[in-house]
Each structure stands twice: as structure tokens, then as C-alpha cells.
Amino acid sequence: MKTTEFRAAIAAVALVAFAAPAAFAAPAKGDAPVTEAELAGHIKILSSDAFEGRGPGTEGEDRTIAYVVGEWAKLGLEPVADSATPWLQGVPLVETHAMGGSAKFKVNGRDFAVADNDVLLTGRDATVSLTNLPIVFVGYGLDGTGKVNADVRGKVAVMLYDNVPFGDKLPRYRERRQMLGDAGASAVLVIATDEALWSQLQNAVGGKATRLASAKQGAPVTGFLSPAAADALFKTAGQDGAALRASAKSADYKGAALPAAVDLATTSTVRSYESNNIIAKLPGAKPDGKAVLFLGHWDHLGICAPDSTTDRICNGAVDNASGIAVLTAVAKRLASGARPDRDIYFMATTAEEKGLLGAHYFADHPALPLTDITVALNIDTIAISPRGTPVATIGRGKPAYDAVIRDVATKLGRKLDEDGEADAFIQRQDGWALGAKGVTSLMVGGSFSDMPLLESFLGGDYHEPADEFSDKVPLGGAAEDADLHVALGRAFADTKRWPGTAK
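The working numbering puts the sequence shown at residues 79 to 581.
Source of the hints: derived by calculation from the structure; they are not laboratory data. Some clues are possibly wrong.
As the list claims (entries may be wrong) - Computed beta-carbon distance windows for the label pairs:
1. Thr-345 / Thr-579: 51 to 57 Å
2. Ala-128 / Glu-533: 30 to 36 Å
3. Thr-387 / Gln-295: 29 to 35 Å
4. Leu-490 / Pro-384: 27 to 33 Å
5. Lys-550 / Ala-335: 47 to 53 Å
6. Thr-387 / Thr-573: 50 to 56 Å
7. Thr-387 / Pro-170: 29 to 35 Å
8. Pro-447 / Ala-191: 53 to 59 Å
9. Thr-345 / Pro-170: 22 to 28 Å
As the list claims (entries may be wrong) - Below, a list of computed lysine-lysine pairs in the DSS-like style, where the Cα atoms sit at most 27 Å apart:
10. Lys-364 / Lys-476
11. Lys-359 / Lys-515
12. Lys-225 / Lys-294
13. Lys-152 / Lys-364
14. Lys-489 / Lys-364
15. Lys-550 / Lys-122
16. Lys-550 / Lys-574
17. Lys-476 / Lys-247
18. Lys-313 / Lys-327
19. Lys-489 / Lys-476
20. Lys-152 / Lys-122
21. Lys-122 / Lys-359
22. Lys-332 / Lys-247
23. Lys-476 / Lys-574
24. Lys-574 / Lys-364
25. Lys-515 / Lys-294
26. Lys-332 / Lys-182
27. Lys-247 / Lys-489
28. Lys-574 / Lys-359
29. Lys-364 / Lys-225
30. Lys-493 / Lys-364
31. Lys-225 / Lys-515
32. Lys-225 / Lys-247
33. Lys-332 / Lys-184
34. Lys-332 / Lys-313
35. Lys-313 / Lys-182
36. Lys-327 / Lys-225
37. Lys-327 / Lys-247
38. Lys-574 / Lys-489
39. Lys-313 / Lys-184
40. Lys-515 / Lys-550
Backbone N, C-alpha and C fix where the C-beta goes; we use that ideal spot for every residue, glycine too.
Model the full structure from these sequences, guided by the hints.
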């Protein structure tokens, strides 16, 4: 979708904006508070129908890049030096769109019917046909040491979607699915946690799967099973689904071979394209080789509903136009006020909704050495809570970092929420990709503090056309959290206050 001409045009427009004298405001004595109206202005634009839901590889991406780069350039941010295309980091992707598929099961040699609407299949290649594959239930797919827990070569691995209940931060289902494919599984079928998740998967997956072009290929077929279909399969195979799930919670679970086999066939269209991370730099006044990174994903689900639907666009106002609005507001304060000591980078990532792919690509191809990043602060789905909501931290547990957050939040009159509920989301955000490479990555604010409010959003407008901007989107907490991030940026970029490395 992206062309060399388009990129060149974006770079040229941005450089003109960057060169404008008005981009550099006089230093202020203090940072002006972020207003709800300021955030609303950005969110309204980014989540408007004109941006078509900001799908990677679409005209919506083109418009998003033009807007974000234009805004950041006006603030005085700079393109990263030596990048092939200023402001942009190309992220090569491969999308597979399932056009048809079938799964024919046999249990104890007899046909076992699974309805078409109880299984979602995606083939890795244009056509895949696999016959008489043995089926093994692998629980979470990994043991307590993080290694594949069963012999899956040439078999179908049936795996649980849920987060692993043992071990130290073992990966989510996408990474576990990949590991099973790397171990030789011919197919990996993931069991949805419940009917609510199954409904979301049916809507969100839509027969499409996207991976980094550089990623290992994984299993030839991947897919999802409804919880009802999985339990029926287990029962027919002489197993109790609840008992299998309970056994799988053991860190030394080795899987269970079922007296079952399946024929799988898929047809797909395969499209290679390039999307983009947007990366900018605010040079520090006294750089010391360490840097602060702010990030948030710009992408959403694009045109997500069938042709027959009145509203077909998943606009992503809260998830995550709100995060990009806050990133921009933070950049404005740090660029126009007293210049921080350290370099500060701002990155808007692509394909977060497709598996944190833009963040993973950056982690593998960083625009600056990862060891130079003293902290990464991720901003996602921030317009959830009202003013006065306590501050939760995803990724807490390093005392020196926790102390800075506590000090900054307290000075702003914020209370801390340290009940640990937010920890459940650590693998569901871009910081996870950086954390896996040793970068201290945090999400800080009120959105992940008020669980009832967050769960109301996740069970309602989340990943639906209803995630549009309106007066019901709470911006008070987002503005307050934006002020918090300005202060955190100043604290972590202060060479006297923060040494640059800590455990």
C-alpha cells in the first residue's frame, strides 16, 4: 500500500513544518496542564470516519501518518537520524485471509461433527491440505520452564487461550502458538476461554491473520475452537474437559494424546505489505547516552464489519486514538518547556492489534540501542477513568522505578493503586515486546486502576464500531494522566535525579 512517493511527500511536509520558526516556543517556567479540549481535538480527528479505523496498509494509515508526523514536526520533534525514510520505520507484514476451510474429525475411528461456526481456521499458505493428523491436548503448551511440554511434531496441538497460571510471566497464546509451530506442530487450535471471548474472536479474527515477514512461519494451520466444541470433543474422546483444564494448571503437565484425528483443508489469499512505526526524537539539552521512550499504538481494526452493517468502521477512539493524543500533548510540553537533559523518543507503533507486531519489530530493529533506553512508557486505552482515579502501574516491581513513580504521582496529588490487578494486562500491551528484550517498560495511570470501568469498556465498546468519540468518553482522567507522563518524562530524563540505570 505504501509507496516511495507517499513516504517522500510525508517527509517533505514534515521537514517544512519542522523548519518553521513557530515550532520552537519559548521555554515556560512550568508545564501547562493538559486540557480535555486539547485531547478531544486530536481524538476527534484520528477516530473520524475519514481515517477508516486506522487499519495498517490502508488509506487510513496514510492519513494517520500524515497527521501524526505533521503534528510532531510542528512541535519541534526531529526525525531519527539515518532512517531510510525520515519519521518512519517500515514494518514488513504478511496477511493471510482465510477464504475457506474445513475440519473433519474422527474419534475412535468414527466421524465426529464440529459445526463450521465452532471452528475458525487460517492456513499459512494459499492452499493447505493435511490428513489424518493425531490430536494432542497440550494445556497451555509450555511447562514451568517455558519449554514446549509435549511431542507435537506432525500433530494438531489443542491449546488453552488463557494466560499461563504458573511460571514467571510466561507468554500469551500467540507466542505459545508460535512455539508449538516451531516445535513441528502441523496445526495449533486454541480453545476460547468462554462464549464471550469466542464471540469476540469470531468478530475480530474475521478470517485474517497477520505476522511479521521476518517471523518464523509457524504451523501450516492455526485456528480457534469454541469452548462448547472443545468440551464435546473431549467428552467423545473419553475425557472430561474440566478435569483436563485442571490438570493443565500443573507446571509439569505433559499433555494428553486423544484417540482422535482430523483432516484439515484451507484456502487463503496471502498479501505482503509494509506498514510503519512513526519515530521522532526530542534532543536533550545535556545528553548522556541514555534516553526515555514514550510509545503508543496508532493502529486499530479498520473497516471491521460486513457490508450489510450500517456502521462498518471500528474507529478506535479510546483504543488508541486517546493514547496518541496524550503522546502528542506530552511531546508538546516537553518540547516547549525547559529542555530535558536526556534525549526523549516518541514512537507510534503499528499492528499492535495484530499481536504487538510493530513493537516487536522495533525491539528487533531498534532505532537506538535498546540498552540506551532507561525506561519505556507505553500509553494505551487511556480515556477510561475520571479525574482523581488512583495511579496503577503495569510492570511495577523494580524498587528504584517504583520510587520515582510514587514520588512524581504524590507531588501531583495522586494516590497509588498497588493492589496488583493491573498486572494481568502486562502481556497485552506493546511494552511487553520491549520488556522481553530487557527494556524496563511501564504503563502508568488511572485506566488500569478502576477495574469495573475498564471491564465495562472491554465488555462493551472495545473493538466494536461503538468505540467512537462522543461526550461519554471520559477525558478528565486522560488529561490528568497526561500531566503525570509529562512529569515522569522530566524525572527520568533528569541526569541528576535519575542515574539512567537501576534494577
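Hint by hint, here is what the structure shows:
1. Thr-345 / Thr-579: 51 to 57 Å: With Cβ atoms ~52 Å apart, the hint holds.
2. Ala-128 / Glu-533: 30 to 36 Å: Because 31 Å falls inside the window, the suggested range holds.
3. Thr-387 / Gln-295: 29 to 35 Å: 34 Å, holds
4. Leu-490 / Pro-384: 27 to 33 Å: For Leu-490 and Pro-384 the Cβ distance comes to about 46 Å; the hint is violated.
5. Lys-550 / Ala-335: 47 to 53 Å: 51 Å, holds
6. Thr-387 / Thr-573: 50 to 56 Å: Roughly 54 Å apart at Cβ, these two residues keep to the hinted range, so it holds.
7. Thr-387 / Pro-170: 29 to 35 Å: 31 Å, holds
8. Pro-447 / Ala-191: 53 to 59 Å: Distance hint for Pro-447, Ala-191 holds at roughly 55 Å.
9. Thr-345 / Pro-170: 22 to 28 Å: 24 Å, holds
10. Lys-364 / Lys-476: Holds, because 26 Å separates the two Cα atoms, which is no more than 27 Å.
11. Lys-359 / Lys-515: Given that 27 Å is the threshold and the Cα spacing comes to 21 Å, the pair holds.
12. Lys-225 / Lys-294: 17 Å, holds
13. Lys-152 / Lys-364: OK: Lys-152 and Lys-364 at ~23 Å, within 27 Å.
14. Lys-489 / Lys-364: Status holds; Cα separation ~25 Å.
15. Lys-550 / Lys-122: Holds - the C-alpha atoms of Lys-122 and Lys-550 are around 13 Å apart, at most 27 Å.
16. Lys-550 / Lys-574: 42 Å, violated
17. Lys-476 / Lys-247: It holds: about 15 Å lies between the C-alpha atoms, which stays within 27 Å.
18. Lys-313 / Lys-327: Holds, at roughly 19 Å.
19. Lys-489 / Lys-476: 20 Å, holds
20. Lys-152 / Lys-122: Holds: Lys-152 and Lys-122 sit about 19 Å apart, inside 27 Å.
21. Lys-122 / Lys-359: 25 Å, holds
22. Lys-332 / Lys-247: At roughly 19 Å apart (the allowed maximum being 27 Å), Lys-247 and Lys-332 satisfy the hint.
23. Lys-476 / Lys-574: Holds, because 19 Å separates the two Cα atoms, which is no more than 27 Å.
24. Lys-574 / Lys-364: Since the Cα atoms of Lys-574 and Lys-364 sit roughly 11 Å apart, the hinted pair holds (cutoff 27 Å).
25. Lys-515 / Lys-294: 18 Å, holds
26. Lys-332 / Lys-182: Since the Cα atoms of Lys-332 and Lys-182 sit roughly 26 Å apart, the hinted pair holds (cutoff 27 Å).
27. Lys-247 / Lys-489: 32 Å, violated
28. Lys-574 / Lys-359: Roughly 21 Å between the alpha carbons, so the hint for Lys-574 and Lys-359 holds.
29. Lys-364 / Lys-225: Status violated; Cα separation ~45 Å.
30. Lys-493 / Lys-364: 32 Å, violated
31. Lys-225 / Lys-515: 18 Å, holds
32. Lys-225 / Lys-247: Holds, because 13 Å separates the two Cα atoms, which is no more than 27 Å.
33. Lys-332 / Lys-184: 23 Å, holds
34. Lys-332 / Lys-313: With Cα atoms ~20 Å apart, Lys-332 and Lys-313 stay inside 27 Å; holds.
35. Lys-313 / Lys-182: Judged against 27 Å, a Cα distance of about 17 Å means the pair holds.
36. Lys-327 / Lys-225: Roughly 15 Å between the alpha carbons, so the hint for Lys-327 and Lys-225 holds.
37. Lys-327 / Lys-247: With a Cα-Cα distance of about 14 Å, the restraint between Lys-327 and Lys-247 holds, given a limit of 27 Å.
38. Lys-574 / Lys-489: With Cα atoms ~18 Å apart, Lys-574 and Lys-489 stay inside 27 Å; holds.
39. Lys-313 / Lys-184: Between Lys-313 and Lys-184 the Cα gap is close to 13 Å, so the pair holds against 27 Å.
40. Lys-515 / Lys-550: 38 Å, violated
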